[in-house]
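Same order as they appear, the protein sequences are chains A and B.
Adding 71 to a residue's 1-based position in the first sequence gives its number in this note's numbering.
Adding 9 to a residue's 1-based position in the second sequence gives its number in this note's numbering.
Incorrect hints may appear among the rest.
Unchecked claim - In silico contact screen, one side only, chain B against chain A (beta carbon under 10 Å); selected entries:
| # | residue |
| --- | --- |
| 1 | His30 |
| 2 | Glu48 |
| 3 | Gln88 |
| 4 | Pro92 |
| 5 | Tyr95 |
| 6 | Ala96 |
| 7 | Asn99 |
| 8 | Val101 |
| 9 | Leu103 |
| 10 | Leu109 |
| 11 | Glu111 |
| 12 | Arg136 |
| 13 | Tyr152 |
| 14 | Gln207 |
What the hints assert, rightly or not - Chain B is faced by these chain A residues, among others (derived, beta-carbon under 10 Å):
| # | residue |
| --- | --- |
| 15 | Glu125 |
| 16 | Thr129 |
| 17 | Ser130 |
| 18 | Ser140 |
| 19 | Thr171 |
| 20 | Thr172 |
| 21 | Gly189 |
| 22 | Ser192 |
| 23 | Val195 |
| 24 | Leu196 |
| 25 | Tyr198 |
| 26 | Thr236 |
| 27 | Gln238 |
| 28 | Asp241 |
| 29 | Ala246 |
| 30 | Gly255 |
Hint data in this document are derived by calculation from the structure and do not stem from the laboratory.
In this text, a Cβ means the ideal position worked out from N, Cα and C, and glycines have one as well.
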Amino acid sequence: MRGGFGALAYGVAWLGGFAGGDHDLLTGVSANDHHPETHTHAGAVTREGGNTTEATTTSTTAVDLLTASSLTIAAAEPLLFGLNTRSVTNSGFFGLKLNTTVVQEVAGSMADLAAATGGNSGAVLCYIGSRVTNYLRSATRIWSASAAVGVDNYDAFLLAADMPTAQITDVVIRAFIQTSGTAGADELQVYSLAAS
Amino acid sequence: MLYIFAGFPGKALPPGSRHLHAGGLRHTVEVEHLGLLVEDGFIQYRKEGVFSVTPSGAEQLGAVQMCFSDLCLAAGIDQRWFPDGYAFGNGVSLPKTTALRETMVVDHLTGVSLSQMLGVGRVLDLRRQVERVYRLTEGWNQYEARWRPGTCPQESHVVHLTTLCFRHELPQFAYERLQQLIEAPGTKLHFPELYTEQHFSVSRRWEPTQPDRRDLW
Numbered sequence: 072m073r074g075g076f077g078a079l080a081y082g083v084a085w086l087g088g089f090a091g092g093d094h095d096l097l098t099g100v101s102a103n104d105h106h107p108e109t110h111t112h113a114g115a116v117t118r119e120g121g122n123t124t125e126a127t128t129t130s131t132t133a134v135d136l137l138t139a140s141s142l143t144i145a146a147a148e149p150l151l152f153g154l155n156t157r158s159v160t161n162s163g164f165f166g167l168k169l170n171t172t173v174v175q176e177v178a179g180s181m182a183d184l185a186a187a188t189g190g191n192s193g194a195v196l197c198y199i200g201s202r203v204t205n206y207l208r209s210a211t212r213i214w215s216a217s218a219a220v221g222v223d224n225y226d227a228f229l230l231a232a233d234m235p236t237a238q239i240t241d242v243v244i245r246a247f248i249q250t251s252g253t254a255g256a257d258e259l260q261v262y263s264l265a266a267s
Numbered sequence: 010m011l012y013i014f015a016g017f018p019g020k021a022l023p024p025g026s027r028h029l030h031a032g033g034l035r036h037t038v039e040v041e042h043l044g045l046l047v048e049d050g051f052i053q054y055r056k057e058g059v060f061s062v063t064p065s066g067a068e069q070l071g072a073v074q075m076c077f078s079d080l081c082l083a084a085g086i087d088q089r090w091f092p093d094g095y096a097f098g099n100g101v102s103l104p105k106t107t108a109l110r111e112t113m114v115v116d117h118l119t120g121v122s123l124s125q126m127l128g129v130g131r132v133l134d135l136r137r138q139v140e141r142v143y144r145l146t147e148g149w150n151q152y153e154a155r156w157r158p159g160t161c162p163q164e165s166h167v168v169h170l171t172t173l174c175f176r177h178e179l180p181q182f183a184y185e186r187l188q189q190l191i192e193a194p195g196t197k198l199h200f201p202e203l204y205t206e207q208h209f210s211v212s213r214r215w216e217p218t219q220p221d222r223r224d225l226w
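All chains should be modelled from the sequences, with the hints used to inform the complete structure.
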């Protein structure tokens, strides 16, 4: 049984093996893979993102801004994702939709970048637990901003709805801006984590 | 009226180039007097209609009129492409959707996956021919079903769209101008002196980890 720093180092090496960029990235059989059995089922580790431009909006109501689609993540599999966010001129708010269910928006925003001179940028790291009975709002996040924030990391990540128990096929970052500004998001990286 | 174009301004420009983001395109609409954008604080365009959203709930105000560019329709993107509940918001948006095609390595004679072959606990003869095949996953099947039959790209790709919500139907000149700005590479701004750095994004160089992945538009 692994524990403590050993487990952490093993986990980093495990993810590193998949982020290394060889062509077996998604098959679970990369040359760096020391634990193939945990990656052999569909979507064990899925990496999305890394594109050449950001998704942006001037909308003052929520938009489906950035979508990682075609995923196949079973209910028992935890999900980890990160993304970059920014706002220009005014406050930008970011929420989360899984498949067609808006699980978080507005109050207790996933990230809330307040207006700041020269813009405001940050990052979000979100962990979605296994979607099992009685644990359908088990998610948390940490996030950062380069300037002022509207809510901070200590505020609860309040989910407005239960997460779907079906396979997750779409992770959608929702966003809106507070009057006359621009909200942007990019580099959405989605990882589903093996549960067995 | 909701207008949907393929790509975004400056999509064809090389890495490092500046291009208009949503706020920049909104500025263009203003300075070139192309139309009146819907920017009411509570109006949300969705696939199902136009809604008024408040903290206490949403109320449908009417149907949504969508206008897809020819390039969108030719590529296979129409109203059906957007999942139920898809939100366009209001104003200008440049949404992005990534689709990842999963692959697996199999024995080309038997179709048995490499992981299954490894799992039997025997020494493998790696001189046997293996091949990489696409894996049919539920996620991919659902995604492919959004496209008109036969139009979904079969490799990993990115779909960039530009959506604009206007109060009225655009006159022909305004529509063509927006179409040029968004879909035609190299279109110049009419009043560049009226723009600042805050209206632009910068294209970054993408170092692909998957050789078969491509951007759509």
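How the hints compare with the structure:
no.	hint	verdict
1	His30	holds, 4 Å
2	Glu48	holds, 6 Å
3	Gln88	violated, 14 Å
4	Pro92	holds, 6 Å
5	Tyr95	holds, 5 Å
6	Ala96	holds, 5 Å
7	Asn99	holds, 5 Å
8	Val101	holds, 5 Å
9	Leu103	holds, 5 Å
10	Leu109	holds, 6 Å
11	Glu111	holds, 5 Å
12	Arg136	violated, 17 Å
13	Tyr152	holds, 4 Å
14	Gln207	holds, 6 Å
15	Glu125	holds, 6 Å
16	Thr129	holds, 4 Å
17	Ser130	holds, 3 Å
18	Ser140	holds, 5 Å
19	Thr171	holds, 5 Å
20	Thr172	holds, 8 Å
21	Gly189	holds, 9 Å
22	Ser192	violated, 12 Å
23	Val195	violated, 16 Å
24	Leu196	violated, 19 Å
25	Tyr198	violated, 20 Å
26	Thr236	violated, 14 Å
27	Gln238	holds, 6 Å
28	Asp241	holds, 7 Å
29	Ala246	holds, 8 Å
30	Gly255	holds, 7 Å
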